[in-house]
Amino acid sequence: MDMDLTPQQKDARAAYHAFVDQHIVPHADRFDLEERIPTELISAMAKEGYLGAVVPEAFGGSPIDMISYGLLAEELGRGSSSVNALLTVHSMCSFAIARWGTTEQKERWLSRMAQGQMIGAFALTEVHAGSDAKSVETEAVPTADGYVLNGRKRWITFGQIANLFLVFGKCEGQLMIFFVERSNPGVSVVPISGMLGSRASMLGEVRLENCHIAKEDVIARAGFGFASVLASVLDIGRYTVACNCVGIGQACLDASLAYTSTRKQFGVLLKEHQLIQQMIANMLTNLNAARLLTQRAGYLKEINDPRMIMETMIAKYFASTMANKAANDAVQIHGANGVSSDYPVQRFLRDARIQEIIEGSSQIQQMTIAKYSYQQ
Amino acid sequence: METKAKIRQFFERSLQRTDLPDDENIFAAGLVNSLFAMQLVLFVESEFGFSTDNDDLVIDNFSSINAIASLVDRKLGVTA
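One line per chain: the protein sequences are U and R, in this order.
With the first sequence counted from 1, adding 739 to any position gets you my numbering.
With the second sequence counted from 1, adding 710 to any position gets you my numbering.
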């Protein structure tokens, strides 16, 4: 593995950084307060090609290599985890179509998704089913020309504005994955607000009531197909979240370096106090380690190495715990200012907390990583 | 290394089984989960140099060493 970014990747990172500094950083606290991201920002992301990052050119996308994709997620995460959440779920949905969809499905949706005319979302979680995906209660009943879906999907990121949902359900006891368009008369969405973190992710409860879909609107059937599609879609979601956590860590470090370089206590700058130095040192060290793990996962994806699945999980587990430690220390360094709305570090802490829950909780990942350890 | 030997080596490393018969159904034996399913797809693609599509994702193509070897032969256009 070449540890250096290519000149193209460095250029891409600089462009992502500039975009985030212009369009996201100055407004991220407002997005958090208003619990939404503006349409103009989504349009700007689409214009830059970010919403078509995993869509082939043949279908109107702007595909980038997986390390560059990780850099994009990291930079978005540095600005706002909520904005990165859009990249996460939109890419999961568009990746599912691009990787496993039929030609008709690709032609029907991918171009519009790449251009931001359609937003994709991932609808797995229910009131009684989260980590245990096999327990979903959404039911699909076969009809002469398709299926009728009934069920409720909870905590669906960007469910409030998504136009296309990747829906997990059971048909005659067998797990399947369907595409459901927002325009379907059987779909309604109830906004969810007041979450601890990632508050601008526009969560919704997606209600499917006698929702008729065509038989062609299936992406995975029971058994091996379901397992493979689910694992691959969650994998790109995990990678995006892992890189988002690196972005959170970077934001915490940037804020802490700036604050400790200007704030004085006991007649000297905070950065002169050794226990502050300890927190800064741990922040940088853990951040570097998380970044290396995510870039290794990106490299393995780029060469289609089977290890990518578990190495991405390791990266996500480590990066999400790193982000929590970094955000916790960043708040501590800022003292009372750290828990006020005048400084963004309180948002970083709230957002970091979400990352250990989404796309696989830390505990589920620890159990899986432990099993993987014995395969080495 | 022949196709079956490569597949067997992958299974030995991943499943910690050194005595897997070529015709044993790894799914029926309860040896795998969804993560392994995707790892298996990626292994077959990267080791043998072809892409799988949705139609290939049926258990009969991945259930045993023999089944995977047959899939590889079909995808690579190998005739018996």
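In case anyone wonders, no lab produced these hints; they're calculated from the structure.
Here a beta-carbon is modelled for each residue, glycine too, at the ideal position from N, C-alpha and C.
Just so you know, not all the hints are guaranteed correct.
To be verified - Per the computed footprint, the stretches of chain R lying under chain U, defined by three or more beta-carbons under 8 Å from a beta-carbon of chain U, are: (1) 730–738; (2) 745–757.
What the hints assert, rightly or not - Pairs of lysine to any residue, SDA-like flavour, derived with a Cα cap of 20 Å: (3) U:LYS1003 x U:ARG893; (4) R:LYS714 x R:THR728; (5) U:LYS873 x R:SER756; (6) U:LYS1110 x R:LEU745; (7) U:LYS1110 x R:GLN726; (8) U:LYS873 x R:LEU745; (9) R:LYS716 x R:THR762; (10) U:LYS1110 x R:SER744; (11) U:LYS845 x R:SER761; (12) U:LYS786 x U:ASP750; (13) U:LYS786 x U:PHE758; (14) U:LYS1110 x R:SER724; (15) R:LYS716 x R:SER756; (16) U:LYS1110 x R:ALA777; (17) U:LYS1110 x R:VAL742; (18) U:LYS954 x R:VAL742; (19) U:LYS1110 x R:PHE720; (20) U:LYS873 x U:ARG960.
Claimed, not checked - If you only want the chain R side, here are some residues facing chain U, beta carbon under 10 Å, derived: (21) THR713; (22) LEU725; (23) ASN776.
A quick look at each hint next to the structure:
Closer than 8 Å: that is the beta-carbon criterion, and the region 730–738 of chain R has 1 residues meeting it against chain U, so the requirement of 3 is violated. Figure legend: the region 745–757 of chain R, annotated as covered by chain U; annotation consistent (10 residues with Cβ-Cβ distances under 8 Å, at least 3 required). Between the alpha carbons of LYS1003 of chain U and ARG893 of chain U the distance comes to roughly 46 Å, so the proposed pair goes past 20 Å and is violated. Between LYS714 of chain R and THR728 of chain R the alpha-carbon distance is near 13 Å, which keeps this suggested pair within the 20 Å criterion.
For the hint linking LYS873 of chain U to SER756 of chain R, the alpha-carbon distance of about 29 Å lies beyond 20 Å, and the restraint is violated. Straight-line distance between C-alpha atoms of LYS1110 of chain U and LEU745 of chain R comes to about 11 Å, which keeps the hinted pair within the 20 Å bound. The straight-line distance between the Cα atoms of LYS1110 of chain U and GLN726 of chain R is roughly 11 Å, inside the 20 Å bound, and the hint therefore holds. Of the supplied pair hints, the one linking LYS873 of chain U and LEU745 of chain R holds, its CA atoms being roughly 14 Å apart against a limit of 20 Å.
Distance check on the hinted pair: LYS716 of chain R and THR762 of chain R sit about 18 Å apart at the alpha-carbon level, within 20 Å; holds. Only pairs whose Cα atoms come within 20 Å are accepted, and LYS1110 of chain U paired with SER744 of chain R is accepted, the gap being roughly 14 Å. For the hint pairing LYS845 of chain U with SER761 of chain R, the CA-to-CA distance comes to about 17 Å; that is within 20 Å, so the pair holds. Taking the CA atoms of LYS786 of chain U and ASP750 of chain U, the gap is about 18 Å. The hint holds against a cut of 20 Å.
Pair hint LYS786 of chain U plus PHE758 of chain U holds up; C-alpha atoms about 11 Å apart against a cutoff of 20 Å. Under the criterion of a C-alpha separation no larger than 20 Å, the hint pairing LYS1110 of chain U with SER724 of chain R is consistent with the structure, at around 10 Å. For the hint pairing LYS716 of chain R with SER756 of chain R, the CA-to-CA distance comes to about 12 Å; that is within 20 Å, so the pair holds. This hinted pair does not check out: LYS1110 of chain U and ALA777 of chain R have alpha carbons roughly 26 Å apart, beyond 20 Å.
At roughly 12 Å between alpha-carbon atoms, LYS1110 of chain U and VAL742 of chain R fall within 20 Å of each other, so this suggested pair holds. Note on LYS954 of chain U and VAL742 of chain R: the hinted pairing is violated, with a Cα-Cα distance of about 29 Å set against a maximum of 20 Å. Taken as a hint, the LYS1110 of chain U and PHE720 of chain R pair is honoured in the structure, with Cα atoms around 16 Å apart against an allowance of 20 Å. Under the criterion of a C-alpha separation no larger than 20 Å, the hint pairing LYS873 of chain U with ARG960 of chain U is consistent with the structure, at around 13 Å.
Below 10 Å, beta-carbon pairs count as interface contacts, and THR713 of chain R has none with chain U, the closest being about 16 Å; its hint is therefore violated. Checking LEU725 of chain R against chain U: minimum C-beta separation of about 8 Å stays under 10 Å; hint holds. Below 10 Å, beta-carbon pairs count as interface contacts, and ASN776 of chain R has none with chain U, the closest being about 16 Å; its hint is therefore violated.
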